[in-house]
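Between the sequences and the hints, there should be enough to build the whole structure, so can you do that?
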Amino acid sequence: MSFNERYPMISPETLVFVLVGASIVLILVVVIRPSITASREGKIIAFLALFILPVVTAGVGASEHMERSEQTQFCLSCHIMEPYGKSLYVDDPAHIPAAHFQNHRIPADQACYTCHTDYAMFGTIQAKWEGLHHVYVYWFGTPMNPIRLYHPYNNRECLHCHAGARSFESATHMAMMDDLKSNTLSCTTSGCHDTIHNVEKLGEAKFWKPLE
Amino acid sequence: MLNKLRTSGVLLIFGLVIEALSLCWNTALSFMSFVVIGGLFFASGILLFLYSLVSGGREVREN
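Going down the list, the sequences are from chains A and B. Quick note on numbering: our numbering labels position 102 of the first sequence as 102, and the sequence is numbered without any gaps. Take any residue in the second sequence, count from 1 to its spot, add 212: that is its number in our numbering.
Read the hints as simulated data drawn from the structure, not as lab findings. We treat Cβ as the ideally placed atom computed from N, Cα and C, and that holds for glycine. Careful: at least some of the hints might be erroneous.
Stated by the list, open to error - Covered stretches of chain A (chain B as the covering partner; in silico rule of three or more C-beta atoms under 8 Å from a C-beta of chain B):
#, segment
1, 27–39
2, 59–65
3, 72–85
4, 135–145
5, 176–188
The following block contains the structure:
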């Protein structure tokens, strides 16, 4: 029996539920018998129950929510994103997001996040911040229609995976590498790989159905 | 002070229950309910508890 089988790792979600349960039990003790706070031990229990444990539980919960927000399912839970999710199933290898998603060139469960995060210092933080902004606008504001990127798509995000890959080392790519790295020639708008989500043409597209 | 502790505890229990419920789904709505509603209960519960500590000390000195 391996170490992991003998001592299975507790998932963050389970940890949150355990912490929530433990916090509620301790809080109930204080709520039902607040007079215990007269003693030193009671004060310690009250401090644990009403401050330390809730802060820790909220922190672990927030961290778990942030992790989950990277999932494709999370992004597609907003109605406005539905056509973009549908575009991942277009049956056309020239359709860049669909080809990446269907062939697992990116993790299928983090498809949106993998391509739409900045692979730069603080890119993850920026992506989360923009995600919070999206959620805020979706619920409390008016989302732009059609939605569009804040900035032109940076080649850095493509090169993060493709640079150095054997399939990418063609003479064509190598000849324009400096332009690609400096973003003077865009991967997505220069006419080479310009079939992106194309949500306005989904009505004409054929779709791939994954096997169960 | 005891009433404040009770109220603080009840607020925190609501916050914890909302946190647990919000983790049952992975949608923007569950995230928002955790941040906005759960956060409100958490913040008010913890602030009330901290206030009860400060005001409790002051009440003891005044008595």
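Checked hints:
Check result for the segment 27–39 of chain A against chain B: holds, 7 residues qualifying (beta carbon to beta carbon below 8 Å, three or more required). Evaluation of the coverage hint for the segment 59–65 of chain A: fulfilled, as 4 residues show C-beta separations to chain B shorter than 8 Å, against a requirement of three. Judged by the Cβ-Cβ criterion of 8 Å, the segment 72–85 of chain A is covered by chain B as claimed, because 4 of its residues qualify and three suffice. With 3 residues having a Cβ less than 8 Å from any Cβ of chain B, the segment 135–145 of chain A passes the three-residue criterion, so the hint holds.
Taking a C-beta to C-beta cut-off of 8 Å, the segment 176–188 of chain A contributes 0 residues in contact with chain B, too few for the three needed, and the coverage statement is violated.
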